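K.L.:
Could you build the full structure based on these sequences and the hints that come with them?
Number of protein chains: 2
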Amino acid sequence: MSKKPITMADVARLANVSKPTVSRALGGHPNVKPKTREKVLSVAREHGYAVNRNAKKLREKYTNTIAVILDFSSHRRHRITDPFIFELLAGVSEALSIRKQDLLLSPPTLSDANSYKELVSGRVVDGFIFLGQGANDAMFNELVKKDVPMVAWGGNTEGTKYCTVGSDNFLGGFLAGERFVQHNKKNILFVGNTEHIELRLRREGLEKALSTADYDYTLSELQGEDFSFNAHYEAMVQLLKSSPAPDAIFAYSDTAAMAIINALNEHGLEPIRDYLLVGYNDIAQASHFSPRLTTIRQDTFLAGALLVEKFMAVLNDNSPMSSTIPTELIVRNT
Amino acid sequence: MSKKPITMADVARLANVSKPTVSRALGGHPNVKPKTREKVLSVAREHGYAVNRNAKKLREKYTNTIAVILDFSSHRRHRITDPFIFELLAGVSEALSIRKQDLLLSPPTLSDANSYKELVSGRVVDGFIFLGQGANDAMFNELVKKDVPMVAWGGNTEGTKYCTVGSDNFLGGFLAGERFVQHNKKNILFVGNTEHIELRLRREGLEKALSTADYDYTLSELQGEDFSFNAHYEAMVQLLKSSPAPDAIFAYSDTAAMAIINALNEHGLEPIRDYLLVGYNDIAQASHFSPRLTTIRQDTFLAGALLVEKFMAVLNDNSPMSSTIPTELIVRNT
DNA sequence: TCAATTCATGTAATCTGTTTCAAAAAATCG
DNA sequence: CGATTTTTTGAAACAGATTACATGAATTGA
Numbered sequence: 020m021s022k023k024p025i026t027m028a029d030v031a032r033l034a035n036v037s038k039p040t041v042s043r044a045l046g047g048h049p050n051v052k053p054k055t056r057e058k059v060l061s062v063a064r065e066h067g068y069a070v071n072r073n074a075k076k077l078r079e080k081y082t083n084t085i086a087v088i089l090d091f092s093s094h095r096r097h098r099i100t101d102p103f104i105f106e107l108l109a110g111v112s113e114a115l116s117i118r119k120q121d122l123l124l125s126p127p128t129l130s131d132a133n134s135y136k137e138l139v140s141g142r143v144v145d146g147f148i149f150l151g152q153g154a155n156d157a158m159f160n161e162l163v164k165k166d167v168p169m170v171a172w173g174g175n176t177e178g179t180k181y182c183t184v185g186s187d188n189f190l191g192g193f194l195a196g197e198r199f200v201q202h203n204k205k206n207i208l209f210v211g212n213t214e215h216i217e218l219r220l221r222r223e224g225l226e227k228a229l230s231t232a233d234y235d236y237t238l239s240e241l242q243g244e245d246f247s248f249n250a251h252y253e254a255m256v257q258l259l260k261s262s263p264a265p266d267a268i269f270a271y272s273d274t275a276a277m278a279i280i281n282a283l284n285e286h287g288l289e290p291i292r293d294y295l296l297v298g299y300n301d302i303a304q305a306s307h308f309s310p311r312l313t314t315i316r317q318d319t320f321l322a323g324a325l326l327v328e329k330f331m332a333v334l335n336d337n338s339p340m341s342s343t344i345p346t347e348l349i350v351r352n353t
Numbered sequence: 020m021s022k023k024p025i026t027m028a029d030v031a032r033l034a035n036v037s038k039p040t041v042s043r044a045l046g047g048h049p050n051v052k053p054k055t056r057e058k059v060l061s062v063a064r065e066h067g068y069a070v071n072r073n074a075k076k077l078r079e080k081y082t083n084t085i086a087v088i089l090d091f092s093s094h095r096r097h098r099i100t101d102p103f104i105f106e107l108l109a110g111v112s113e114a115l116s117i118r119k120q121d122l123l124l125s126p127p128t129l130s131d132a133n134s135y136k137e138l139v140s141g142r143v144v145d146g147f148i149f150l151g152q153g154a155n156d157a158m159f160n161e162l163v164k165k166d167v168p169m170v171a172w173g174g175n176t177e178g179t180k181y182c183t184v185g186s187d188n189f190l191g192g193f194l195a196g197e198r199f200v201q202h203n204k205k206n207i208l209f210v211g212n213t214e215h216i217e218l219r220l221r222r223e224g225l226e227k228a229l230s231t232a233d234y235d236y237t238l239s240e241l242q243g244e245d246f247s248f249n250a251h252y253e254a255m256v257q258l259l260k261s262s263p264a265p266d267a268i269f270a271y272s273d274t275a276a277m278a279i280i281n282a283l284n285e286h287g288l289e290p291i292r293d294y295l296l297v298g299y300n301d302i303a304q305a306s307h308f309s310p311r312l313t314t315i316r317q318d319t320f321l322a323g324a325l326l327v328e329k330f331m332a333v334l335n336d337n338s339p340m341s342s343t344i345p346t347e348l349i350v351r352n353t
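Heads up: the sequence lines are chains A and B, in that order. Under my numbering, the residues of the first sequence are numbered 20 to 353, in order. Under my numbering, the residues of the second sequence are numbered 20 to 353, in order.
Just so you know, not all the hints are guaranteed correct.
To be verified - Within a straight-line C-alpha distance of at most 27 Å, the following computed DSSO-like cross-link-like pairs (lysine-lysine) qualify:
| # | chain 1 | residue 1 | chain 2 | residue 2 |
| --- | --- | --- | --- | --- |
| 1 | A | Lys38 | B | Lys164 |
| 2 | B | Lys164 | A | Lys136 |
| 3 | A | Lys75 | B | Lys23 |
| 4 | A | Lys80 | B | Lys119 |
| 5 | B | Lys164 | A | Lys23 |
| 6 | A | Lys75 | B | Lys165 |
| 7 | A | Lys165 | B | Lys119 |
| 8 | B | Lys165 | A | Lys58 |
| 9 | A | Lys205 | A | Lys260 |
| 10 | A | Lys164 | B | Lys23 |
| 11 | A | Lys23 | B | Lys23 |
| 12 | A | Lys75 | B | Lys58 |
| 13 | B | Lys136 | A | Lys165 |
| 14 | A | Lys80 | B | Lys164 |
| 15 | B | Lys23 | A | Lys165 |
| 16 | A | Lys75 | B | Lys119 |
| 17 | B | Lys136 | A | Lys58 |
| 18 | A | Lys80 | B | Lys75 |
Simulated from the structure, these hints should not be mistaken for lab results. In this text the structure is predicted, and so the values were computed from the model without any measurement.
P.N.:
Below, the structure written as structure tokens:
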């Protein structure tokens, strides 16, 4: 391979100064004579010197690296490809790079709290940003107890001990509910697994809106067995075989919404005329699907920025409050 | 913050052995008495010891970390959200985690070869996997000259000095062309910027198929100014205003294809009846869009595995050959 | 001009592992 | 059983930076 790279000691020798001076010159320390600094910088540049970040991190204790945990491989073939999570990832990536933090992307192969803790005590990363909460609330709480710095995208409930950033799920649900009420829809289908905190909150918001309207309605629930496109499609096909078609649907994601629309389509049902549907996330594809999706929008860049900001606060031992980002209903053709 | 974590020296003391013995016991070195190893392991486990990876990397020279470069923030709002690139990312992530390599996800803020080189000489990462070649062929070649280990997803041409893994772009183009010939289509539109090597190859394949059919055809080109959904939509709307509608379209991505179909739709044109369209990538959404997209499929898991395999070969100074993955036409409703 | 500050630089210690090499312990053998 | 070989262990060096502290140089003030 390539030969030994130049070290700080080499630069020091070549510039006729000592190691600490080089360190200070490069690190922007104020007490360095301008002439010396220039000399050092020019030698460093000339020889393409780059500080060894491992040595630096070893000495400095912190890593400036944050692990982002993303579950994109639950099943090999039917893996999640909900673009929303990637929009979120893009937001986080941008926010981290602004703060000059490195992003270590990990699949959640690690299922127990200890293996996460190890990455922190092994000085691999300073902590974790979890994109998606899944059914890990308990494990996350355990991480907090073990002093592992972390924040998660999601929602919180009484038991939640960690900081979350998320959609205003209750409001999102409420907005969908309002729309259904306005159009006098009464046979309502909620699509999503309410074991997930976020989805539970949405369902509560939805019910709140429906109940204040003071009229009779049925609210049923459909939960695809995993998060794949086909799972949702199939589940909907089954449901249409056995029950009367719903006249209003609130889906937990635009991706799920698309799958469900396909099933409704094939069953001869048309949006607006036969049913209303509200999706969630307003992913880039939502406005280009046909029909164009009515959905709940959140700003993923803001989300990323907030997640990172809160994480940094956690690192500095200020216990930041969980927060939600602005959440609005975008009405299109469903 | 949390107090000083336990070090290897601590474990050594607690187990009544020396540091090197602990190192060997944990590292699975053969020459350690089973009883000693057990003692060390139990002490380590009991105190939740984790080796400091920075110290380890400092001594060992390699980082076991690979940077994956992904361009997902070219424009703040209109950023690329082509799910294909994320499917690819998922594939790479899985392949890396199998080999116990860490994945550092970086945006390509670094535009010149030197800043990439710095990450390698600074021992941040062992090298790079670029997901997408863009118009960076020249810069990539420069990286090779600077001994920066790297591979890229893409295609290669005469000047390409680095290893690529990619779709069989020529074949992909050829398959699309064949389909057009079979249906006697003559007014063909190629959507994509042929400054990108991959797209140039596809266009060549397309032309090959068309020319062997020995009949007259027109082949025009449309290139959205950036990769956003709207750019493609708008470009297509413009084109339909000024020129006769094409009867066959070959789009460089399914995402672009969707945008274009929207434009065609609004212009009253229907797939199959009025035009054929072949997309590229077979993203998860392709088969659920309406109309269901005819497209070119590649296995992104295989792609990820190959990229990682080749990268490792590059690291070990075997110059691996570039290769293409199986590429097939999936005929659906366009 | 000399003492008192302030600024710039260097020496040595430190961070936490791995590796080399030599010594000690254990196992093998005639 | 003593000599030889093999296994197991430890002391010290090393990886490449940063930091505390000390010293020498430059500047200020009287």
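K.L.:
Now tell me if each hint is right for this structure.
P.N.:
Here is how each hint holds up against the structure:
Proximity of Lys38(A) to Lys164(B) is assessed by CA-CA distance (about 30 Å); at most 27 Å being required, the pair is judged violated. Taking the CA atoms of Lys164(B) and Lys136(A), the gap is about 40 Å. The hint is violated against a cut of 27 Å. With a CA separation close to 18 Å, the supplied pair Lys75(A) and Lys23(B) stays within the 27 Å bound. At most 27 Å may separate the alpha-carbon atoms for a hinted pair to count; Lys80(A) and Lys119(B) meet this at roughly 23 Å.
Among the hinted pairs, Lys164(B) with Lys23(A) is consistent with the structure: their alpha-carbon atoms are about 17 Å apart, no more than 27 Å. Proposed proximity of Lys75(A) and Lys165(B) is supported: the alpha carbons are some 24 Å apart, at most 27 Å. At most 27 Å may separate the alpha-carbon atoms for a hinted pair to count; Lys165(A) and Lys119(B) meet this at roughly 25 Å. With a C-alpha separation of about 25 Å, the suggested pairing of Lys165(B) with Lys58(A) holds against the 27 Å cut-off.
A hinted pair counts as satisfied when its Cα atoms are at most 27 Å apart, and Lys205(A) with Lys260(A) qualifies at roughly 19 Å. This hinted pair checks out: Lys164(A) and Lys23(B) have alpha carbons roughly 17 Å apart, not beyond 27 Å. For the given pair, Lys23(A) sits about 33 Å from Lys23(B) by alpha-carbon distance, which is inconsistent with the 27 Å threshold. Between Lys75(A) and Lys58(B) the alpha-carbon distance is near 33 Å, which puts this suggested pair outside the 27 Å criterion.
With a C-alpha separation of about 38 Å, the suggested pairing of Lys136(B) with Lys165(A) is violated against the 27 Å cut-off. For the proposed pair Lys80(A) and Lys164(B), the alpha carbon gap of about 35 Å is over 27 Å, so the pair is violated. A distance of roughly 14 Å separates the Cα atoms of Lys23(B) and Lys165(A); the hinted pair therefore holds under the 27 Å criterion. Simply put, Lys75(A) and Lys119(B) have alpha-carbon atoms about 23 Å apart, close enough for the 27 Å limit, and the pair holds.
Distance restraint check for Lys136(B) and Lys58(A): the Cα-Cα separation of roughly 22 Å lies within the 27 Å cut-off, and the hinted pair is therefore satisfied. With a C-alpha separation of about 14 Å, the suggested pairing of Lys80(A) with Lys75(B) holds against the 27 Å cut-off.
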